[in-house]
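S.K.: Protein chains in written order, with our numbering: chain A, 10 to 577; chain B, 10 to 577.
These aren't lab readings, by the way, just hints derived from the structure by calculation. Treat the hints with caution; some may be incorrect.
No distinction is drawn between identical chains; accordingly, a pair holds when it is met within one copy or between any pair of copies.
To be verified - Straight-line C-alpha distance at most 30 Å; calculated DSS-like pairs for lysine-lysine: (1) K377 x K318; (2) K197 x K136; (3) K107 x K413; (4) K379 x K189; (5) K245 x K430; (6) K276 x K413; (7) K245 x K58; (8) K522 x K276; (9) K413 x K79; (10) K225 x K181; (11) K413 x K225; (12) K442 x K418.
There are 2 protein chains.
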Amino acid sequence: MTPSLVANGGVAAGEAVAVPVTGRVAAVYSEVQSSRIDHALPLPSVLTKPFKVVDGPASSAAGNPDEIAKLFPNVFGQPSALLVPSDSDSALPQQKLKIGVVLSGGQAPGGHNVISGIFDYLQDRAKGSTLYGFRGGPAGIMKSKYVELNSEYIYPYRNQGGFDMICSGRDKIETPEQFKQAEETAVKLDLDGLVVIGGDDSNTNACLLAENFRGKNLKTRVIGCPKTIDGDLKCKEVPTSFGFDTACKIYAEMIGNVMIDARSTGKYYHFVRLMGRAASHITLECALQTHPNITIIGEEVAAKKQTLKNVTDYIVNIVLKRADLGYNYGVILIPEGLIDFIPEVQNLIAELNEILAHDVVDEGGLWKNKLTSQSLQLFDFLPEAIQEQLMLERDPHGNVQVAKIETEKMLIQMVETDLEKRRQEGSYNGQFKGQSHFFGYEGRCGLPTNFDSTYCYALGYGAGALLHSGKTGVISSVGNLAAPVEEWTVGGTALTSLMDVERRHGKFKPVIKKAMVELEGAPFKKFASLRNDWAINNRYISPGPIQFHGPASNALSHTLLLELGVQA
Amino acid sequence: MTPSLVANGGVAAGEAVAVPVTGRVAAVYSEVQSSRIDHALPLPSVLTKPFKVVDGPASSAAGNPDEIAKLFPNVFGQPSALLVPSDSDSALPQQKLKIGVVLSGGQAPGGHNVISGIFDYLQDRAKGSTLYGFRGGPAGIMKSKYVELNSEYIYPYRNQGGFDMICSGRDKIETPEQFKQAEETAVKLDLDGLVVIGGDDSNTNACLLAENFRGKNLKTRVIGCPKTIDGDLKCKEVPTSFGFDTACKIYAEMIGNVMIDARSTGKYYHFVRLMGRAASHITLECALQTHPNITIIGEEVAAKKQTLKNVTDYIVNIVLKRADLGYNYGVILIPEGLIDFIPEVQNLIAELNEILAHDVVDEGGLWKNKLTSQSLQLFDFLPEAIQEQLMLERDPHGNVQVAKIETEKMLIQMVETDLEKRRQEGSYNGQFKGQSHFFGYEGRCGLPTNFDSTYCYALGYGAGALLHSGKTGVISSVGNLAAPVEEWTVGGTALTSLMDVERRHGKFKPVIKKAMVELEGAPFKKFASLRNDWAINNRYISPGPIQFHGPASNALSHTLLLELGVQA
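Input sequences plus hints: build the corresponding full structure.
M.R.: So, in structure tokens, the structure goes:
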């Protein structure tokens with residue numbers, strides 16, 4: 010199928026375009042998709058010439074370094090590695106490499122480019138090397154399910170969204186048998202290295218693999234890459250996780266559209282729930298991009314120990330003020346994980362999990378007597394539909410599925426009820442109509458922005474360089490991101506330096522701490538300094554669709570620029 | 010606020026850009042929004058030079074011409090008007106004009122450009138003319154609420170989404186008193202003309218106004234413009250309504266993203282409900298752009314007199330076939346109005362409306378005995394949550410709010426129940442997890458595509474030309490849309506020629522018949538010829554975000570190209 014070109018402007022939207030495809034199952038491409046395949050990606054200049062690796066000082070851990078040292082005797086304390094220009098590549102081993110790569114966890118735009126980056130590194134610097142893609146996430150390592158990636162296989166996925174080149178999975182390599190399986194695969198494929206593309210858990214797992222392989226004297230080195238649209242895997246050396254930029258811009262496009270609709274119609278309050286269960290970075294970034302009237306940041310709710318009633322009151326008060334000004338419309342952003350941040354809700358859910366696990370829930374409601382009075386009060390305060398969701402929606406372990414709770418609808422009902430009471434009392438005579446939205450899956454597999462495309466390519470290319478240089482147990486780190494791409498820095502950061510321990514079932518477990526929204530950080534402070542203005546005055550910004558050429562096509566996220574101190 | 014430019018690529022996403030604004034309340038613009046303001050719009054060449062109006066043969070009506078002729082004695086039978094090049098504009102009156110414009114009904118991307126087009130026509134061809142914008146829809150005409158539009162006022166809205174320049178409203182001018190009010194405003198402002206930008210109802214209303222003004226010997230002429238994202242206002246001379254192109258591309262972007270996610274994850278069936286209550290054009294267009302596994306077209310359901318069970322069975326059968334092939338994922342498109350198309354559901358709702366209006370609904374369910382057996386059977390077949398929605402969600406007239414029913418969730422539950430039964434019977438052992446989406450408000454106020462921007466500008470500019478030429482009771486008609494813009498045709502079509510009558514409360518009411526999806530039309534036939542392939546094989550296409558430059562930035566909708574016979 011080729012595009013039917015009809016004079017000027019006669020090409021159909023989403024017209025199929027022929028693309029040479031071997032790997033992608035039955036792939037048919039839109040014009041925009043296919044135009045992205047050959048989009049040339051700039052590389053940081055250190056990656057375009059001979060380089061060598063310079064080590065920094067020994068590292069420690071994010072917390073409890075003694076425990077982390079005990080858990081990772083072979084890789085703890087490694088220095089950060091930085092690539093710097095060199096006269097020649099002679100320090101690098103002149104050998105063909107066998108490298109594996111795996112995608113772990115949820116989709117994030119740019120994953121395919123990390124793989125392209127690794128592949129191109131090997132082509133450019135270690136000719137004759139082999140790259141294996143493990144299929145379906147870490148399970149592919151354990152079950153030795155893989156595909157050999159060549160340039161024809163990779164080509165149609167360049168700069169494309171999704172993880173469908175080799176797919177992903179949520180399994181973890183945890184038990185001694187599972188580590189054994191991973192070792193067997195590493196030995197069988199004679200792997201020099203493995204790149205794990207994933208979030209905080211997956212990178213913790215990558216480090217455990219690195220430790221295990223080294224402990225067993227296997228040559229297989231392990232490098233992590235920071236992936237998550239949620240933006241909660243980051244540190245000084247890893248300024249952002251990939252996918253965050255694209256996902257936020259997709260959500261911000263939709264929010265901006267809804268804002269213009271709200272202003273044009275003048276009669277709806279749009280409650281928009283956004284992905285990000287553990288941290289509210291997406292919500293904060295979208296707020297900075299679009300200037301909604303109300304934004305709830307989970308970390309602030311938790312820090313201030315707010316109740317659901319406090320959150321409702323905050324919303325209601327702004328609705329009242331706006332009604333006085335004649336605005337019976339607005340846009341409200343809510344992080345998916347909001348209720349996880351509210352202590353009283355966590356208590357209620359913990360109690361419900363206990364009751365549902367051990368007791369009979371009678372129709373008459375006698376079971377409710379088992380709730381503490383605070384939880385009972387909260388339960389009765391909740392809209393009926395939410396009560397039902399709490400009781401009925403369970404995960405396979407019988408626990409309440411908090412992620413399934415439609416927080417945006419819950420808040421609409423609670424605000425509605427409160428306003429109705431005020432109307433009866435004569436203190437409110439505005440109009441309130443809520444519209445609920447959840448922007449989630451739409452953002453995980455979009456075409457990566459120019460930033461994510463380039464950043465991921467550098468992460469992958471850099472991961473290749475780190476493996477080639479003999480590094481293990483480090484995460485690919487690309488920095489100086491506010492500068493032109495040529496000036497970006499490339500290196501690796503010891504994964505153990507990001508770790509702390511948590512006590513689970515009486516044992517210390519290493520964890521990479523999720524990076525939460527810092528209430529003292531520049532992004533939150535900027536938001537906090539502006540939100541009262543946004544609440545009352547309508548400062549809506551509509552970012553429009555992601556552009557690959559022209560205006561804003563190279564814009565960075567506010568979060569990144571503010572954290573880098575580049576934007577005031 | 011100016012963008013903080015930081016070297017290469019250091020501009021923040023959604024950064025505010027200063028725009029000279031007088032009209033737009035507290036307007037702050039993203040970089041993409043502000044880049045669109047000065048986007049130069051091409052005009053059909055007939056509008057760039059002197060022109061004259063050539064009349065075609067007398068027109069009739071879409072149905073019951075005798076009744077339409079009786080209802081519109083002053084404007085019935087008017088010929089179509091076509092603008093053709095002329096040696097000079099001397100045929101046009103050399104006078105300043107006073108023109109009003111009004112936005113009527115729901116938002117559609119491009120409305121601001123219709124207004125810019127009218128304004129620029131007046132500036133270019135009738136210098137010194139005045140353009141009034143009626144605020145808040147037809148109510149603005151009746152209450153004489155208006156603003157004088159000048160170039161500073163209009164400037165920031167050029168090529169922008171939304172209707173917020175003068176806002177819209179859903180009032181109609183219907184009663185004798187309301188027509189009187191409209192006359193008074195027309196006389197008070199000494200209006201030579203009025204442009205009504207709206208859908209089928211609003212254009213019917215425009216024609217009634219034209220008839221009334223002419224009947225009263227007022228000089229005020231009335232021109233309609235075809236607006237609706239639903240795409241159901243069109244005819245031979247009006248190939249498409251504006252906004253359809255942009256809205257479908259926004260929805261298709263999201264659907265394409267969800268498709269890549271479905272394929273990457275391999276574990277979700279995404280049920281996507283799309284706007285379009287009366288007609289399924291949006292759903293069909295999005296299907297042609299993205300190739301989902303299953304698409305339900307309301308008109309086909311109605312034509313085949315399908316039941317809800319038939320629709321469920323159709324979905325279940327494809328899910329079963331896909332499970333056999335190892336695909337436990339998919340994407341399903343559903344038009345918002347689906348249940349309106351199902352006769353048995355219409356019956357049930359009619360019966361419920363009766364019962365709820367006149368009877369007591371008892372907890373015990375005795376009221377159900379008042380349902381016919383077919384309706385009772387259907388009611389019991391519905392998931393509980395939907396039963397509750399049917400009973401509880403009422404509009405101000407006490408009627409069931411069909412639009413509030415989350416059809417996508419209803420279908421997920423029904424498919425789930427059916428598959429569970431089959432699992433028990435041993436005929437299904439796949440996995441089924443539904444994810445629901447509603448793409449609606451996001452599409453009504455996006456930045457208009459290049460097509461909608463240009464088309465709307467031509468519609469508005471053409472409306473100015475029609476008024477200037479003395480036309481009334483016609484709808485602005487821009488054709489030959491598959492050709493380069495220069496070759497587009499410009500004219501007007503008698504609104505009465507689009508009309509038929511409906512009998513309401515014993516009286517004939519004129520109506521512009523909604524253009525439904527034609528099962529014998531090229532778009533549906535193309536879809537029907539491919540859907541079995543799409544169902545089983547995964548032919549997903551991800552159109553990506555709307556681009557304003559480069560690839561696909563001038564693509565037309567499949568529906569339009571197929572209806573024009575340009576695409577096979």
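S.K.: Determine for every hint whether it applies to the structure shown.
M.R.: Comparing the hints with the structure gives:
For the homomeric pair K377 and K318, the shortest alpha-carbon distance inside one copy (20 Å) is at most 30 Å, but the shortest distance between copies (39 Å) is not. Proximity of K197 to K136 under the C-alpha cut-off of 30 Å is restricted to the intra-copy arrangement: shortest distance 21 Å within a copy versus 82 Å between copies. Proximity of K107 to K413 under the C-alpha cut-off of 30 Å is found in neither arrangement, the shortest distances being 42 Å within a copy and 56 Å between copies. For the identical chains of this complex, K379 and K189 are neighbours neither inside a copy (46 Å) nor across copies (67 Å), given an alpha-carbon limit of 30 Å.
Taking the closest pair of Cα atoms, K245 and K430 never come within 30 Å of each other, the shortest separation being 49 Å inside a single copy and 54 Å across copies. For a Cα distance limit of 30 Å, the shortest separation of K276 from K413 qualifies both inside one copy, at 28 Å, and across copies, at 16 Å. Proximity of K245 and K58 under a CA criterion of 30 Å is satisfied intra-copy only: 26 Å inside one chain copy versus 62 Å between copies. With identical chains, the CA atoms of K522 and K276 are at most 30 Å apart between copies only, with a shortest distance of 29 Å across copies and 42 Å within one.
For the homomeric pair K413 and K79, neither the shortest alpha-carbon distance inside one copy (39 Å) nor that between copies (58 Å) is at most 30 Å. Proximity of K225 to K181 under the C-alpha cut-off of 30 Å is restricted to the intra-copy arrangement: shortest distance 19 Å within a copy versus 80 Å between copies. Neither within a single protomer nor between protomers do K413 and K225 lie at most 30 Å apart by alpha-carbon distance, with minima of 43 Å and 61 Å respectively. Proximity of K442 to K418 under the C-alpha cut-off of 30 Å is found in both arrangements, the shortest distances being 12 Å within a copy and 21 Å between copies.
Of the numbered hints given earlier, the model fails hints 3, 4, 5, 9, 11; all others are met.
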